[in-house]
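Given the structure of chain A, go ahead and fit chain B onto it with the hints provided.
2 protein chains.
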Amino acid sequence: MDREKIRLSFLKSALTLDNTFIDMEGVKQWLNKQQEEVSVKVDKIRFSDMDQWFFDLTDGNLRHKSGQFFSIDGLHVKTNWGLVKEWSQPIINQPEIGFLGIITREIDGILYFLMQAKIEPGNINHVQLSPTLQATKSNYTRVHQGRKPLYLDYFLSRDRHRVLVDQLQSEQGGRFYKKRNRNIIIRVEGDDDVPVYENFAWLTLGQIKKLMQIDNTVNMDTRTVISAIPYGDAPPGTGGSLDLPKVSPTAPGEFKKGMLASTLISGKGLFDFDEILSWLADLKTKYELHVEKIPLKNVKNWVITDQQIHHEDNKYFRILPVSVEIDNREVTRWTQPLLEPAQEGLSAFIVKKIDDVYHFLVQAKVECGNLDILELAPTVQCLTGNYRDTKTGTLPFLDEVLNVEPGRVRFDTLQSEEGGRFFREQNRNMLIEAGDNFNETLPENYIWMTLAQLNTFLKFNNYLNIQSRSLLSAIDFI
Amino acid sequence: MDREKIRLSFLKSALTLDNTFIDMEGVKQWLNKQQEEVSVKVDKIRFSDMDQWFFDLTDGNLRHKSGQFFSIDGLHVKTNWGLVKEWSQPIINQPEIGFLGIITREIDGILYFLMQAKIEPGNINHVQLSPTLQATKSNYTRVHQGRKPLYLDYFLSRDRHRVLVDQLQSEQGGRFYKKRNRNIIIRVEGDDDVPVYENFAWLTLGQIKKLMQIDNTVNMDTRTVISAIPYGDAPPGTGGSLDLPKVSPTAPGEFKKGMLASTLISGKGLFDFDEILSWLADLKTKYELHVEKIPLKNVKNWVITDQQIHHEDNKYFRILPVSVEIDNREVTRWTQPLLEPAQEGLSAFIVKKIDDVYHFLVQAKVECGNLDILELAPTVQCLTGNYRDTKTGTLPFLDEVLNVEPGRVRFDTLQSEEGGRFFREQNRNMLIEAGDNFNETLPENYIWMTLAQLNTFLKFNNYLNIQSRSLLSAIDFI
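Here the protein sequences line up with chains A and B, keeping their order. Residue numbering for the first sequence follows this note's numbering, starting at 1 and increasing by one per position. Residue numbering for the second sequence follows this note's numbering, starting at 1001 and increasing by one per position.
One chain only, chain A, in its complex shape (with noise of 0.2 angstroms):
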């Protein structure tokens, strides 16, 4: 397969806001409609009253009658790393790893990419654009009632079409053991005529990058599988054999709010890749993760009540049982578990140019759920409770991200994390350039990379975590 074709195909694509079948306002018109016609009804209830959940009384862990979806167990964690050498918490497990996938086709030498207007009960706004495909590993092979997922088939059946990015990358390691989605993107040949069922639409990337300036309105697991598209190199605007649409880019080298045409740039990075490895090789010697599932009912400082799981001074978050009743035509009702952070988080990249190169300062970060020790993450990644507490200037880079004038901000939105799983949370995003005096010393843990270098790590398992991935996700060209 020709690579640079693909990647070429994908930047023609981010560089479109011109979509043959609906324009920014049809999709920001469509999303409210679909947002109108929903009534999502989510009580908080009893464990006691939760139908199918159970506290299995074996390890006091939470989880459903099936043997499907998810549990609630604990982690006891020991680790040499940061402030809290030992401690032990509620963890979401989940151990199978689900298709997060997107069907695309060229159209007028545009590719289009498939979303659904899809409802999940934590959003905070209900419905955000989310790939065409999110199933469990329950869901497409254990499939009851014959009550298969749209488009599943089309992922099953891939020789007929072309995978254009097939990874596995991981989610949240302070709340997931070692969970992992399959991030996939393909792309339908020829006469294939992909129906479009209700709640979905054609976008362009141009178009789905827009809307990610948007609070809340372009899911997690949309971001996810879109931060790992690779783009060529050639200077937006070009155009060439490649036709590429006349849109006014960012000249290269320039930045703009919410864009950074500029990191297109295939510029040599201050240090190697093969001096990235050895320092991720020399953290990952030194730093040492050892976790144990324990019963949920040993997890010390959490408190199990009828009503919800928490930390005894209302830390990091609580486990809620809810119902959940969806009406949209037909009414659907379930109960289930869902989390709930004790307060917002914030993700932040500071990014800053080295010899005429936008370089990302990187953060190699140890999470209990984590596969393999450390993942690369955002330069700041916190609840934002946490870093009110301790104003003490522990954590590096905090001041310069809270303080930054406001002309070095090129992108802040609130994101959500994924609604199946998570009651209404919401993170604070940005990426902020750093001025000409942002000369730091960095802490051993940081180290400056180019997106290329970030997009290579990307290919390969367990080595950018989702809070970074959805900031790279957000970087727009136009």
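Any given hint could turn out to be false.
Claimed, not checked - Using 25 angstroms as the maximum straight-line C-alpha spacing, the simulated SDA-like pairs for lysine to any residue come out as follows: (1) B:Lys1085 to A:Ser88; (2) B:Lys1284 to B:Lys1459; (3) B:Lys1005 to A:Val409; (4) A:Lys353 to A:Lys297; (5) A:Lys297 to A:Ser88; (6) A:Lys459 to B:Glu1444; (7) A:Lys297 to B:His1290; (8) A:Lys78 to B:Lys1293; (9) A:Lys178 to B:Val1291; (10) B:Lys1044 to B:His1310.
Hints were generated in silico from the structure; no laboratory data involved.
Structure of chain B alone, referenced to chain A:
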């Protein structure tokens, strides 16, 4: 750092047998002399007679009183891979990342490797060629009685040296629980006059590779470090500005016993790298590996006596308590457990020229101690006892390997496993060139890859298993 220059300096050393300090005859005599001068006595004893090692009453696990070194734990395994879906077994647990490090130095334009003639109790022939440094984390962080490993400081104060290779690589997934070592090669710069202690010598990479063609001479630790070396793709022998030595390499495209010059050719693979990643994502999604550490005493079908821990059918391996006495001017004595395999094993890559580029037939294989479900393994990897029992043809490509015409064998040597943990274990390592009529349909977990593609996977953690790395290290260019 100029990586291409480094790759070519590795290649140049691999093409060099002329050593200013010691020629091939000299190396063999030196190793023989080390063998003769040492007396190693390994006696099978009883667990109850071990010093410092004990079965912990709480879980029956076998461990050292210091809490250091390693322990023998139990593992319970569930998987949807292979014929046996559920079992438990003893496993070596050593949750630290150790150093396997080689110091190199350029002398008269040739890169020399500082190698050690090292005694290990489990070695068949006692002394084998080892890296400059083999050190567990306990060795280098909690140093006892001032006995710091030789050359350790070169690897800790890396700022003064060039890091040429630095990767975390896995150990045997069937025996170790997620064990890894840090494989590192540094180059000492300029005037730093590295002392050469007793039992150490400077060798060229060409010499090391030639020694690999003698049974049980180059230890596993050396082989895994060497396997990580990338080579420049300049046609060997052309020299040019890099002044490559005037050896007469195998012509590109040819293939002699122990020689594989043409794999250097940087040609297009049958599959591109993204296709291989997609193949791997598909398998990792399909196959599940659920492991749980359990008390050793609860491992089913295994018997613990005072003499050994063994499978009730005497299959797989057994754990033996031994006393070791090494007399090498001073006498050193200790006791430890060693793992003795039930039979010799076989590791073989089938190699085939496809469109004039050599491709390796790579197997994705689940092993219970793997960090990430499956790793890339040789075409055939098994215990010989296993295939003698099950001559039903269930093991793919075994017949091709066992019935190969002698003219197609490119490498065939017995190689030892790590003598610090394994008792006289040797495995047959083979590289076999498939005939033109070899046109098998591949099982879903097999794929053809070029050497360049394998080298790329090698840079990232936990992709190539130790058996495939051992075979790659044997590839010789002269």
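(message) Under the constraints set out in the numbered hints, which ones does this structure not fulfil?
(response) Violated hints: 1, 3 and 4; rest satisfied.
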